[in-house]
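Engineer: What follows is the residue order along each chain.
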Amino acid sequence: MPNVSLTINGKKISQPIEARTLLVQLLRDQLSLTGTHVGCDTSQCGCCTVHLNGKGVKSCAVLALSCQDSVITTIEGLAEGETLHPMQQAFREGHALQCGFCTPGMIMAGIDMVKRKGYELDEKTVREELEGNLCRCTGYHTIVKAIQAGARAMKNL
Amino acid sequence: MHDFLYQRPTQLPEASQWAKEHVDYKLLAGGMSLIPSLKMRLSQPAGLIDLSAIDALKGVRIEGDELIIKAMTPHAEVAIDKNVRQGIRALCELAAGIGDPLVRNRGTIGGSLANADPAACYPSAVLALNATIKTNQREIAADQFFLGLFETALHPGEIITEIRFPKPKAAAYWKFRQPASRFSLVGVFVAQTNTGVRVAITGAADTVFRHTEAEQRLNVQFHPSALKGLFMSEKNMNSDIHASAQYRAHCIDVITERAVAMALNLPPQKES
Ligand SMILES: Cc1cc2nc3c(=O)[nH]c(=O)nc-3n(C[C@H](O)[C@H](O)[C@H](O)COP(=O)(O)OP(=O)(O)OC[C@H]3O[C@@H](n4cnc5c(N)ncnc54)[C@H](O)[C@@H]3O)c2cc1C
Ligand code: FES
Ligand code: FES
Numbered sequence: 009m010p011n012v013s014l015t016i017n018g019k020k021i022s023q024p025i026e027a028r029t030l031l032v033q034l035l036r037d038q039l040s041l042t043g044t045h046v047g048c049d050t051s052q053c054g055c056c057t058v059h060l061n062g063k064g065v066k067s068c069a070v071l072a073l074s075c076q077d078s079v080i081t082t083i084e085g086l087a088e089g090e091t092l093h094p095m096q097q098a099f100r101e102g103h104a105l106q107c108g109f110c111t112p113g114m115i116m117a118g119i120d121m122v123k124r125k126g127y128e129l130d131e132k133t134v135r136e137e138l139e140g141n142l143c144r145c146t147g148y149h150t151i152v153k154a155i156q157a158g159a160r161a162m163k164n165l
Numbered sequence: 217m218h219d220f221l222y223q224r225p226t227q228l229p230e231a232s233q234w235a236k237e238h239v240d241y242k243l244l245a246g247g248m249s250l251i252p253s254l255k256m257r258l259s260q261p262a263g264l265i266d267l268s269a270i271d272a273l274k275g276v277r278i279e280g281d282e283l284i285i286k287a288m289t290p291h292a293e294v295a296i297d298k299n300v301r302q303g304i305r306a307l308c309e310l311a312a313g314i315g316d317p318l319v320r321n322r323g324t325i326g327g328s329l330a331n332a333d334p335a336a337c338y339p340s341a342v343l344a345l346n347a348t349i350k351t352n353q354r355e356i357a358a359d360q361f362f363l364g365l366f367e368t369a370l371h372p373g374e375i376i377t378e379i380r381f382p383k384p385k386a387a388a389y390w391k392f393r394q395p396a397s398r399f400s401l402v403g404v405f406v407a408q409t410n411t412g413v414r415v416a417i418t419g420a421a422d423t424v425f426r427h428t429e430a431e432q433r434l435n436v437q438f439h440p441s442a443l444k445g446l447f448m449s450e451k452n453m454n455s456d457i458h459a460s461a462q463y464r465a466h467c468i469d470v471i472t473e474r475a476v477a478m479a480l481n482l483p484p485q486k487e488s
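Chains as they are written, first to last, in the working numbering: chain D, 9 to 165; chain A, 217 to 488.
FYI, nobody ran anything at the bench for these hints, they're computed from the structure.
Note that this is a predicted model, so its numbers are computed, not measured.
One or more of the hints may lead you astray.
Stretch by stretch, here's where chain D covers chain A in the computed footprint (C-beta under 8 angstroms, at least three residues) [as the list claims (entries may be wrong)]: (1) 221–229; (2) 243–251; (3) 319–329.
The calculated DSSO-like cross-link candidates involving lysine-lysine, where the alpha carbons are at most 30 angstroms apart (straight line), are [as the list claims (entries may be wrong)]: (4) D:Lys153 x D:Lys63; (5) A:Lys298 x D:Lys123; (6) D:Lys19 x D:Lys123; (7) A:Lys350 x D:Lys63; (8) D:Lys132 x A:Lys298; (9) D:Lys163 x D:Lys153; (10) D:Lys20 x D:Lys123; (11) D:Lys132 x D:Lys63; (12) D:Lys63 x D:Lys20; (13) D:Lys20 x A:Lys274; (14) D:Lys125 x A:Lys274; (15) D:Lys63 x A:Lys274; (16) D:Lys125 x D:Lys19; (17) A:Lys255 x D:Lys63; (18) D:Lys20 x A:Lys255; (19) D:Lys123 x A:Lys274; (20) D:Lys125 x A:Lys298; (21) A:Lys298 x D:Lys163.
Every beta carbon over 10 angstroms from chain A, so not counted as near; a handful from chain D, in silico [as the list claims (entries may be wrong)]: (22) Leu14; (23) Gly18; (24) Lys19; (25) Pro24; (26) Gln38; (27) Ser40; (28) Gly43; (29) Glu90; (30) His93; (31) Gln97; (32) His103; (33) Tyr127; (34) Glu131; (35) Lys132; (36) Thr146; (37) Met162.
Ideal placement from N, C-alpha and C gives every residue a C-beta, glycine not left out.
The shape of chain D in the complex, shown without the other chains (with noise of 0.2 angstroms):
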């Protein structure tokens, strides 16, 4: 069986794998990282985003062993301690989030959001730019308001 290894939230992992294990299966099935979730498993639906190499991408359609030698951030990887992401604390404080299935998608992809277009978030951009994220529960609206709050505070980070 071939080996993947690669840093995922800081830890160096290396491990044997099927070649056709998806990225999204190291992290959930493997590693018990299951904070990333699959909604969709047809890269409509964002619930699978994580950083790899510092992007935003959908792990159910990424091979693991692609990621030989990357760095993988996932949602479990942002908080330091008890202290919440500055994202992760905009979407508390502004209850962007119902059932809670798509938010960490959300929130790792308005951080990468954040990384390519600045702190000052208009409401426009951060609706274009969640064309890949759907939701099914709060119509988008808090989690807009929550993105613009958190990448506002992300600039103290």
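We have chain D; now place chain A with the ligands onto it with these hints.
Structural biologist: The following block gives chain A with the ligands in isolation, referenced to the frame of chain D:
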């Protein structure tokens, strides 16, 4: 998804060698089209040759009057690249409108062209700009590249290495999105090139094609008004739950005018 053998070469010659010796293997680029099709078992290759570790296949450069985009350059990079913006701004806008940001971080120009989805964006740019597709074996002119539904002139195992775009005098891409998938229901790429005006239509038929009647008129006068009274025939147009053939044909008439206006920086024409 069935299991497969897997190779991740770091050099192009190594990848070429693998591809040559294993015609039952498939090339993997960003995986945004291939991985979903593996999952659905629409494709069941014996192995994959992952091109993602080959640095020589990434990047953009300008050479004389040509803009060159290497095959493994992701859409997100084309969208913000300074050379692309300076050379062919319409390509930045096209790349920035593909799928969503997460797809753009992975999907590549080479993968998009090799895949030849009938509703994909890049094929229209390549055809309208009269680009050349360079592979590890030869150079293919855009006019000879797209053969049909998901079908190109590529031989099994042939690897696209870069796409060479001659800089146009003016160009624009207007995409009318299918509201669910966000692929183009109809997309029109218009370019005023050194060898005349070229208009390429995607999303409407089983493969991207040139709108030669529009080209003839626009060669006389490059202005939206030159297209007045020109009607696309609904013959050969796709018809599905999203749009009828007649609707798609009408979209082509309207959107071609808009694309020309956009290329000229004119405000879009009012419906008459
Ligand atoms: C949710 C979603 C929305 C999308 N929306 C759009 C859209 O609006 N417009 C649009 O144009 N596209 C869209 N796409 C498709 C996207 O652009 C893909 O990136 C693209 O079609 C395939 O590129 P890839 O790099 O992911 O290729 P892969 O999926 O890795 O490969 C696709 C095919 O090309 C072959 N291939 C790859 N690289 C090469 C090469 N260098 N030489 C020869 N053959 C090669 C592979 O063997 C495979 O057969 C969307 C995709 C998704 C998932
Ligand atoms: S589970 Fe990956 S996009 Fe929906
Ligand atoms: S909060 Fe339920 S899917 Fe978004």
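Engineer: Each hint: holds or not?
Structural biologist: Structure-based check of each hint:
Here's how the region 221–229 of chain A fares: 3 of its residues keep a CB closer than 8 angstroms to some CB of chain D, so the rule of at least three is met and the hint holds. With 4 residues bearing a CB less than 8 angstroms from a CB of chain D, the region 243–251 of chain A meets the requirement of three and the coverage assertion stands. Evaluation of the coverage hint for the region 319–329 of chain A: fulfilled, as 3 residues show C-beta separations to chain D shorter than 8 angstroms, against a requirement of three. In summary, the hint linking D:Lys153 to D:Lys63 is supported, as the alpha carbons are separated by about 22 angstroms, within the 30 angstroms threshold.
The suggested pairing of A:Lys298 with D:Lys123 holds, with an alpha-carbon distance near 18 angstroms, which does not exceed 30 angstroms. For the hint linking D:Lys19 to D:Lys123, the alpha-carbon distance of about 23 angstroms falls within 30 angstroms, and the restraint holds. With a C-alpha separation of about 29 angstroms, the suggested pairing of A:Lys350 with D:Lys63 holds against the 30 angstroms cut-off. Restraint check for D:Lys132 and A:Lys298: the C-alpha separation of about 24 angstroms stays at or below 30 angstroms, so the hint holds.
At most 30 angstroms may separate the alpha-carbon atoms for a hinted pair to count; D:Lys163 and D:Lys153 meet this at roughly 16 angstroms. Proposed proximity of D:Lys20 and D:Lys123 is supported: the alpha carbons are some 24 angstroms apart, at most 30 angstroms. The straight-line distance between the Cα atoms of D:Lys132 and D:Lys63 is roughly 21 angstroms, inside the 30 angstroms bound, and the hint therefore holds. For a cut-off of 30 angstroms, the pair hint linking D:Lys63 to D:Lys20 stands: about 19 angstroms separates their Cα positions.
Restraint check for D:Lys20 and A:Lys274: the C-alpha separation of about 27 angstroms stays at or below 30 angstroms, so the hint holds. The straight-line distance between the Cα atoms of D:Lys125 and A:Lys274 is roughly 23 angstroms, inside the 30 angstroms bound, and the hint therefore holds. Note on D:Lys63 and A:Lys274: the hinted pairing holds, with a Cα-Cα distance of about 17 angstroms set against a maximum of 30 angstroms. The suggested pairing of D:Lys125 with D:Lys19 holds, with an alpha-carbon distance near 28 angstroms, which does not exceed 30 angstroms.
For the suggested pair A:Lys255 and D:Lys63, the alpha carbons sit about 23 angstroms apart, so the restraint of at most 30 angstroms is met. Pair hint D:Lys20 plus A:Lys255 holds up; C-alpha atoms about 28 angstroms apart against a cutoff of 30 angstroms. At roughly 22 angstroms between alpha-carbon atoms, D:Lys123 and A:Lys274 fall within 30 angstroms of each other, so this suggested pair holds. Of the pairs offered as hints, the one joining D:Lys125 and A:Lys298 holds, with about 16 angstroms between alpha carbons and a cut-off of 30 angstroms not exceeded.
Between A:Lys298 and D:Lys163, the direct Cα distance comes to roughly 26 angstroms. Compliance with the 30 angstroms bound is thereby established for this hinted pair. Its beta-carbon lying about 13 angstroms from the closest one in chain A, D:Leu14 satisfies the requirement of being farther than 10 angstroms from that chain. Every beta carbon of chain A lies more than 10 angstroms from that of D:Gly18, the smallest distance being close to 21 angstroms; the non-interface claim holds. Annotated as non-interface, D:Lys19 keeps its C-beta farther than 10 angstroms from every C-beta of chain A; the closest such distance is 22 angstroms.
At roughly 13 angstroms, the least C-beta separation between D:Pro24 and chain A is larger than 10 angstroms, which holds for a residue marked as non-interface. Distance to chain A confirms D:Gln38 as a non-interface residue, since its nearest Cβ pair spans about 15 angstroms, more than 10 angstroms. For D:Ser40, the condition that its CB be more than 10 angstroms from all CB atoms of chain A holds, with the nearest at approximately 22 angstroms. Every CB of chain A lies more than 10 angstroms from the CB of D:Gly43, the least distance being 17 angstroms, so the non-interface label holds.
Every C-beta of chain A lies more than 10 angstroms from that of D:Glu90, the closest at about 29 angstroms, which supports listing it as non-interface. Chain A leaves D:His93 outside its interface by the beta-carbon criterion, the shortest separation being 19 angstroms against a cut-off of 10 angstroms. A cut-off of 10 angstroms between C-beta atoms confirms that D:Gln97 is not in contact with chain A; the least separation is 23 angstroms. Annotated as non-interface, D:His103 keeps its C-beta farther than 10 angstroms from every C-beta of chain A; the closest such distance is 25 angstroms.
No Cβ of chain A approaches the Cβ of D:Tyr127 within 10 angstroms, the least distance being about 17 angstroms, so the stated non-interface status holds. Non-interface call for D:Glu131 relative to chain A: holds, since the shortest CB-CB distance, roughly 16 angstroms, exceeds 10 angstroms. Here D:Lys132 stays apart from chain A, with its beta-carbon at least about 14 angstroms from theirs, past the 10 angstroms limit. With a closest Cβ-Cβ approach of about 18 angstroms to chain A, D:Thr146 is found to remain outside the 10 angstroms limit, as its non-interface label requires.
Taking the minimum C-beta to C-beta distance to chain A, about 17 angstroms, the non-interface status of D:Met162 holds against the 10 angstroms cut.
The structure shown violates none of the earlier numbered hints.
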